[in-house]
Structures are given as structure tokens and as C-alpha cells.
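For the protein sequence lines, the chains are G and E, in the order given. Counted from 1, the first sequence has number 146 at position 146 by the working numbering; the numbering is strictly sequential. Counted from 1, the second sequence has number 38 at position 38 by the working numbering; the numbering is strictly sequential.
Source of the hints: derived by calculation from the structure; they are not laboratory data. Careful, some of the hints might be misleading.
[To be verified] For lysine-lysine, the following BS3-like pairs were computed, each having C-alpha atoms within a straight-line distance of at most 30 Å:
1. E:Lys130 to G:Lys267
2. G:Lys53 to G:Lys194
3. G:Lys67 to G:Lys53
4. G:Lys53 to E:Lys95
[Said to hold, decoys possible] Estimated spans, in silico, between C-beta atoms of each pair:
5. G:His8 to E:Ala35: 50 to 58 Å
6. G:Gly241 to E:Thr101: 57 to 65 Å
7. G:Val205 to E:Glu12: 52 to 60 Å
8. G:Thr177 to E:Trp152: 35 to 43 Å
9. G:Phe230 to E:Asp111: 35 to 43 Å
10. E:Thr65 to G:His8: 36 to 44 Å
11. G:Phe230 to E:Gly82: 43 to 51 Å
12. G:Ala42 to E:Arg110: 34 to 42 Å
13. G:Gln123 to E:Asp3: 49 to 57 Å
14. E:Thr101 to G:Asp44: 48 to 56 Å
15. E:Asp44 to G:Pro108: 37 to 45 Å
[Stated by the list, open to error] Per the computed footprint, the stretches of chain E lying under chain G, defined by three or more beta-carbons under 8 Å from a beta-carbon of chain G, are:
16. 58 to 70
17. 85 to 97
18. 134 to 141
No experiment lies behind these values; they were computed from the predicted model shown. Beta carbons are placed, not taken as given, at the ideal position from N, Cα and C, and that holds for glycine.
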Amino acid sequence: MTDGMPYHLEKGPTLGLIESYLNRADKREVLRNLRLAEATAAADADASAAWVKDVLPDLWVDGAFAKVPDATGVEAGAESVRAHIIEDWFGYSRPTEAAPWELGPPSPAPTGRWVGYRGDVNQIVRRALRWGLEVSLGLMPDQDPQDPPAHPDPATIELFWVCGIHWFEAWVVQRTTTPGGRLVSIIFVTPPHKGATVATSPIAVSATTRVNNLREPVPSTEDYYEVIAFPPAVTAAGPPGWPRPVDRPFATWVVTHERHQQPAQLKNNADTAGVGIAIAPPILADYEGIGGPVVVSPSVPAGGVSYDGWIRP
Amino acid sequence: MSDPRELTRFIERFNQRSASNQGEEIADQMQTGPADLVERLRTDANLLDAFAFADILVSLEQWFTDRAPIWNVDEQTSGPAGPGGVGAEWTYRGKHDHQGTLNGLPATMRDVEVHGYSLFTVQETADGPKLDVRRYIDWAGLYAQLGLVVNWRVPMSADPADRV
Chain G
1 MTDGMPYHLE KGPTLGLIES YLNRADKREV LRNLRLAEAT AAADADASAA WVKDVLPDLW
61 VDGAFAKVPD ATGVEAGAES VRAHIIEDWF GYSRPTEAAP WELGPPSPAP TGRWVGYRGD
121 VNQIVRRALR WGLEVSLGLM PDQDPQDPPA HPDPATIELF WVCGIHWFEA WVVQRTTTPG
181 GRLVSIIFVT PPHKGATVAT SPIAVSATTR VNNLREPVPS TEDYYEVIAF PPAVTAAGPP
241 GWPRPVDRPF ATWVVTHERH QQPAQLKNNA DTAGVGIAIA PPILADYEGI GGPVVVSPSV
301 PAGGVSYDGW IRP
Chain E
1 MSDPRELTRF IERFNQRSAS NQGEEIADQM QTGPADLVER LRTDANLLDA FAFADILVSL
61 EQWFTDRAPI WNVDEQTSGP AGPGGVGAEW TYRGKHDHQG TLNGLPATMR DVEVHGYSLF
121 TVQETADGPK LDVRRYIDWA GLYAQLGLVV NWRVPMSADP ADRV
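Using the sequences and the accompanying hints, generate a full structural model.
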């Protein structure tokens with residue numbers, strides 16, 4: 001969330017951290033806190049957003065938050081990320097950093113930084129996490145967290161974000177893995193946000209995601225970026241200790257053309273034409289894929305994942 | 001006109017709007033005397049109304065069924081444009097009930113109101129003078145009424161050097 005999103009799908013540092021702590025925590029305790037947050041959400045706006053900080057308290061002291069751009073330390077970085085979630089995702093606002101959160105401007109103002117969308121993102125995100133935990137534990141919503149769960153060994157939860165659709169959705173996807181094992185994927189599928197870009201190529205040419213004064217990120221060759229050689233060739237060895245790409249316990253791979261371009265950029269929908277000749281509806285943007293297909297693992301700051309699933313300070 | 005079916009529809013639509021049954025004569029004058037036709041359009045508001053209607057409806061009838069009041073031309077903003085052109089600011093109303101047109105859209109059954117401005121001029125070409133039209137249609141407004149979105153994630157180069 002904090003490093004930007006130059007690809008269509010992202011996990012990245014923030015979702016990676018949340019996911020990591022979600023799986024390390026006592027899932028029944030997290031579920032209990034989320035249910036409590038839902039039950040008391042109507043009290044006021046500030047209370048309804050408090051769960052962001054409260055349900056995973058250990059998360060917010062992770063040293064990785066010191067890497068948040070412009071943060072002076074872990075605490076400031078954590079506060080910046082929480083504010084980003086509550087303000088830009090949920091659409092809440094506050095006059096000062098010390099003031100309580102209030103609901104954002106009413107309709108027709110958009111929610112948060114989403115373009116062309118209004119909705120209760122807070123409720124959707126909270127409910128998705130709750131249901132994901134319930135699926136992980138095998139507990140129906142009306143069952144007490146103290147009940148013996150159907151799955152004493154809770155399923156691992158993973159988080160992803162896909163950006164660029166009409167409205168905000170969260171998908172909870174469950175499946176078996178190894179015999180007896182289960183995986184729960186929570187995928188946030190969202191509208192585009194203000195200032196959103198996507199790179200026309202998955203191939204990184206920049207050493208960092210953040211470059212000079214560019215407001216939006218670019219793909220980078222930072223940690224865990226990999227490109228698979230096709231046609232097949234001996235892939236250069238990664239850093240010491242790295243598994244082969246096919247052996248990575250965690251990875252996201254994008255398979256697409258090497259780059260995309262607009263063959264003829266539309267400049268004028270009212271060009272000269274013959275009278276009485278039917279016109280075609282204009283396509284506002286037209287893309288042509290060129291080269292590849294390439295197979296790329298984005299760097300963590302660009303929305304990818306580390307090979308072992310950890311976010312390092 | 002390259003498609004005779006479009007010519008036929010143009011004539012039918014012109015006659016529908018003007019009730020003068022001059023559609024064939026007008027269509028013929030488009031080929032043989034475009035400058036004279038433009039001059040007529042500059043001085044005859046009713047003729048301009050029917051002419052702009054026929055030109056636009058050849059396109060819109062592929063996508064929509066007319067809905068009353070189908071069409072109007074704004075008298076205050078339509079008429080001679082420059083020394084040799086004529087324009088009409090128009091509004092069309094229809095219902096999007098055609099299946100699979102507009103790049104395959106299912107019929108949304110939504111009422112639409114399309115706004116546009118059609119500018120008719122004579123262009124000199126190697127084959128002689130040619131009647132020409134520029135149609136400034138509020139496509140974004142139409143797409144919004146159909147529920148379509150512009151994807152506000154703008155694709156940009158992966159190379160920072162291309163962004164400065």
C-alpha cells in the first residue's frame with residue numbers, strides 16, 4: 001500500500017506484513033476482536049476504524065515500518081500506513097493528526113482516493129478479514145470462537161490486491177493444499193485510485209521503485225525481482241541462499257507481453273468524415289502487446305513477495 | 001457514400017424528419033453540388049435540422065431505438081459557421097435496447113440522451129469539392145449513461161527516464 005502499485009496485482013510490503021502477522025497471531029483472538037469491532041462499529045466513526053490498530057497489535061511495531069517513505073521511525077511509519085488505510089481506503093478524515101477520525105464528505109464525493117466510487121470500504125475489508133478467519137478456523141459466523149473449531153490447525157491466509165475495476169470487492173477463496181492442508185486467499189479487487197498508474201512493461205529498468213520526484217512508482221530490480229529466461233536457458237544464479245525460482249515457497253509471477261503500446265493514440269473523435277456514413281464508437285484507449293511473453297516476479301516494493309514470505313526491516 | 005444501404009437510410013431519415021420527401025434530391029446534391037447544398041443549409045433552418053438528423057441517425061439507429069422527443073436542434077447555436085460552413089447543435093434521445101452492438105454490449109435498456117455538434121463544410125480534393133462533416137459528439141457523456149467507465153489507471157513506461 002505504501003510503495004505504490006506499478007503492476008495490476010500486488011501483495012507488496014504492507015499486505016505482506018499484515019498477512020504475515022495474521023498467520024502468526026492466534027487467529028481465534030483476532031477473529032474475536034474483529035467480531036467485537038463489527039458489533040460496536042455503529043458507535044462513531046473513530047471507533048469503527050479502531051480495529052485497524054487493535055486487532056493485530058504486534059504488527060504495528062514491526063521494524064519494517066521504519067522503511068515507510070518520509071517516516072522518522074517505526075512508530076511514525078506505522079501511523080502513516082494506518083492513516084493511509086483509514087483515509088485513502090476507507091474515506092475517513094480528521095482535521096489534525098491528533099483528532100478522532102470522522103466520516104468523509106457525503107455523496108456524491110468519492111470514498112477516499114478511489115476514483116468514481118462511493119462505498120463503505122471499512123465494512124467490506126473488516127467483513128472480508130472476518131469471513132477469511134472464519135473459513136480458516138472452520139467456524140460459522142454464529143459459532144463462538146471458543147467452540148472447538150472444525151480446523152484445529154487454522155488454514156494459512158494470504159492477501160492480494162487487484163486494482164482497476166468498477167467498484168470495491170473482496171474475494172475469499174478457499175482450497176485444499178497438501179492432504180489435510182488448506183489455504184484461504186483474500187483478494188481485494190478495487191476501483192482505481194487517484195494518481196494510479198500501471199507500467200506498460202513488467203520488465204524493470206529502475207534500481208528502485210521510487211525515483212527522484214516521480215509521484216508514482218515504477219517496476220524495480222529491488223529484492224526478489226526475477227525474470228525467467230525464455231527460450232529456456234541457464235538462469236543466472238540468484239543471491240546466495242535463494243532457492244531456484246520454481247522452488248520458491250512464495251512468489252507471484254506475471255506472464256504477459258514484454259511491453260504494451262498504443263498503436264495509434266486517439267487525438268480527435270471528430271475527424272473529417274463523409275456525410276451519412278455510419279461511425280464506429282470510439283475506443284478511448286487501444287493497446288497492443290509486443291514481445292515476450294515474459295515471466296517476471298515483481299520486487300517486493302513494486303508489489304511482489306519475498307521468496308520466503310517475510311518482509312525484512 | 002460507399003454503402004448504398006447507408007444512403008437509403010440517410011434518405012429515409014431525412015424524409016422522416018422533414019416530411020418534404022426531398023431526401024433523394026438532397027443526397028444527390030451532396031455529390032453534385034456540395035457548395036450549393038451548404039449554402040442552402042446556411043439559410044434554411046428546417047433543412048439543416050433534417051440534414052443533421054439524417055446524418056447522425058445513420059449511426060445511432062444501429063445502437064438505439066428512438067425515444068420521444070427524438071431530436072432537436074438548438075436554434076440559438078446552429079446556423080452559418082464561418083464564411084463557408086454550417087453547424088447544428090443537436091440532442092438525440094433513444095433507448096439502448098439493441099443487443100450486441102457498440103462493441104458487443106448487451107442491451108442495457110437504459111434511456112440515453114446524446115449531445116453533439118455537426119459541422120458541415122466543403123473540402124477541396126483532387127476529385128473536386130467534397131461535402132465533409134465533423135461530428136463533435138459527447139462520447140464520454142454517452143458512455144457514462146451506459147455505465148461504462150474510463151479506467152483511471154494510466155499506463156506509463158516502466159522506465160523512469162521516459163517519465164520526465
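Cross-check of the supplied hints:
With a C-alpha separation of about 23 Å, the suggested pair Lys130 (chain E) and Lys267 (chain G) falls inside the 30 Å cut-off, and the hint holds. At most 30 Å may separate the alpha-carbon atoms for a hinted pair to count; Lys53 (chain G) and Lys194 (chain G) meet this at roughly 25 Å. A threshold of 30 Å between alpha carbons decides the hint, and for Lys67 (chain G) with Lys53 (chain G) the separation of about 19 Å falls inside it, so the pair holds. Distance check on the hinted pair: Lys53 (chain G) and Lys95 (chain E) sit about 50 Å apart at the alpha-carbon level, beyond 30 Å; violated.
For the pair His8 (chain G) and Ala35 (chain E), the supplied restraint of 50 to 58 Å holds, since their beta-carbon distance comes to about 53 Å. Take Gly241 (chain G) and Thr101 (chain E): their Cβ atoms lie about 58 Å apart, and the range 57 to 65 Å holds. About 58 Å separates the C-beta atoms of Val205 (chain G) and Glu12 (chain E), a value consistent with the hinted range of 52 to 60 Å. Look at Thr177 (chain G) against Trp152 (chain E): about 37 Å separates their beta carbons, and that is inside 35 to 43 Å.
For the hinted restraint 35 to 43 Å between Phe230 (chain G) and Asp111 (chain E), the CB-CB distance of approximately 51 Å leaves it violated. For Thr65 (chain E) and His8 (chain G), the Cβ-Cβ distance of about 38 Å falls inside the hinted range of 36 to 44 Å, so the restraint holds. Separation of Phe230 (chain G) from Gly82 (chain E) is about 58 Å and departs from the stated range, judged on CB atoms against 43 to 51 Å. At about 36 Å, the CB distance of Ala42 (chain G) to Arg110 (chain E) agrees with the hint of 34 to 42 Å.
For Gln123 (chain G) paired with Asp3 (chain E), a C-beta distance near 54 Å keeps the hint of 49 to 57 Å intact. Remark: the range hint 48 to 56 Å for Thr101 (chain E) to Asp44 (chain G) is upheld by a beta-carbon distance near 50 Å. The hinted range of 37 to 45 Å is satisfied by Asp44 (chain E) and Pro108 (chain G), whose Cβ atoms lie roughly 43 Å apart. Counting residues of the segment 58 to 70 of chain E whose beta carbon lies closer than 8 Å to any beta carbon of chain G gives 4, which meets the minimum of three for the stated coverage.
Check on the segment 85 to 97 of chain E: 0 of its residues sit with their Cβ under 8 Å from a Cβ of chain G, so the three-residue criterion for coverage is violated. With 5 residues having a Cβ less than 8 Å from any Cβ of chain G, the segment 134 to 141 of chain E passes the three-residue criterion, so the hint holds.
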